[in-house]
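Asker: Top to bottom, those sequences are chains D and S. Just so you know, the working numbering puts 51 at position 51 of the first sequence, and the rest follows in order with no gaps. Just so you know, the working numbering puts 89 at position 89 of the second sequence, and the rest follows in order with no gaps.
Source of the hints: derived by calculation from the structure; they are not laboratory data. Backbone N, C-alpha and C define an ideal beta-carbon position, used for all residues, glycine too. It cannot be assumed that every hint is accurate.
What the hints assert, rightly or not - Restraint-style ranges between C-beta atoms, simulated for each label pair:
id	chain 1	residue 1	chain 2	residue 2	range
1	S	Glu64	D	Asn53	33 to 41 Å
2	D	Asn53	S	Trp83	27 to 35 Å
3	D	Lys27	S	Lys58	24 to 32 Å
4	D	Leu38	S	Glu20	20 to 28 Å
5	S	Glu64	D	Val83	41 to 49 Å
6	D	Arg64	S	Leu46	26 to 34 Å
7	S	Lys61	D	Ile76	28 to 36 Å
8	S	Glu20	D	Asp56	32 to 40 Å
As the list claims (entries may be wrong) - What the simulated footprint calls covered on chain S by chain D, stretch by stretch (three residues with Cβ under 8 Å from a Cβ of chain D suffice, anywhere in the stretch; the number is not a length):
id	stretch
9	32 to 44
10	101 to 111
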Amino acid sequence: NAGVMQNPRHLVRRRGQEARLRCSPMKGHSHVYWYRQLPEEGLKFMVYLQKENIIDESGMPKERFSAEFPKEGPSILRIQQVVRGDSAAYFCASSAGQGLREAFFGQGTRLTVV
Amino acid sequence: AQSVSQHNHHVILSEAASLELGCNYSYGGTVNLFWYVQYPGQHLQLLLKYFSGDPLVKGIKGFEAEFIKSKFSFNLRKPSVQWSDTAEYFCAVNPIQGAQKLVFGQGTRLTINP
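The whole structure should be built from the sequences, with the hints applied where relevant.
Answerer: Right under this line is the structure:
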């Protein structure tokens with residue numbers, strides 16, 4: 001009865017490196033959402049994906065950030081050429097269907113850029 | 001702009017005190033409303049949710065919230081807090097007519113002194 005699984009829990013990257021964050025949704029869930037939580041701030045929506053499709057990426061920075069949710073395997077949030085301002089907690093949530101009546105969150109990946 | 005506002009950034013109470021955390025939103029249409037709690041180092045957990053019907057919603061751990069449509073508010077309450085309620089609390093809104101995503105308030109950090 002695993003919930004939403006995110007890994008790694010903690011990720012340290014040097015400026016200019018790439019960060020790859022993984023999210024496995026709950027069993028049976030085909031909708032995935034990524035959120036970013038900056039220090040002392042609330043959660044900001046980044047992107048909403050269904051299997052093999054990006055539905056809403058209105059919260060994604062225009063450059064360096066990308067997300068995918070392939071037919072097989074976890075959803076990946078990829079940050080290229082990380083900068084110190086990318087340091088944050090990144091949360092993934094999943095839901096069973098449309099309407100977002102209940103979203104289950106993972107434990108997050110805390111990215112630190114040094 | 002459409003948004004979710006939590007009035008209190010940091011609330012400090014003694015055990016057994018009563019709690020009320022404010023949440024207001026600015027969406028004009030029908031919304032689903034949520035309160036999430038984030039204990040230190042953990043993922044977000046759903047406390048309660050409102051979709052329709054009785055505007056007084058009861059959640060887990062003795063929490064409740066009241067939806068007042070005329071005030072666009074969904075305040076969280078608990079009659080008597082415990083030290084274990086120390087956490088961050090997030091109000092979230094899903095605008096049903098809009099994109100499928102949760103929009104979060106900035107969060108309220110609750111500290112309960114024993």
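Asker: Look at each hint and say if it fits the structure.
Answerer: The hints, checked one at a time:
| no. | hint | verdict |
| --- | --- | --- |
| 1 | Glu64(S) - Asn53(D): 33 to 41 Å | holds (38 Å) |
| 2 | Asn53(D) - Trp83(S): 27 to 35 Å | violated (45 Å) |
| 3 | Lys27(D) - Lys58(S): 24 to 32 Å | holds (28 Å) |
| 4 | Leu38(D) - Glu20(S): 20 to 28 Å | holds (27 Å) |
| 5 | Glu64(S) - Val83(D): 41 to 49 Å | holds (43 Å) |
| 6 | Arg64(D) - Leu46(S): 26 to 34 Å | holds (32 Å) |
| 7 | Lys61(S) - Ile76(D): 28 to 36 Å | holds (34 Å) |
| 8 | Glu20(S) - Asp56(D): 32 to 40 Å | holds (33 Å) |
| 9 | 32 to 44 | holds (count 5) |
| 10 | 101 to 111 | holds (count 7) |
Figure legend: structure checked against the earlier numbered hints; the only hint not met is number 2.
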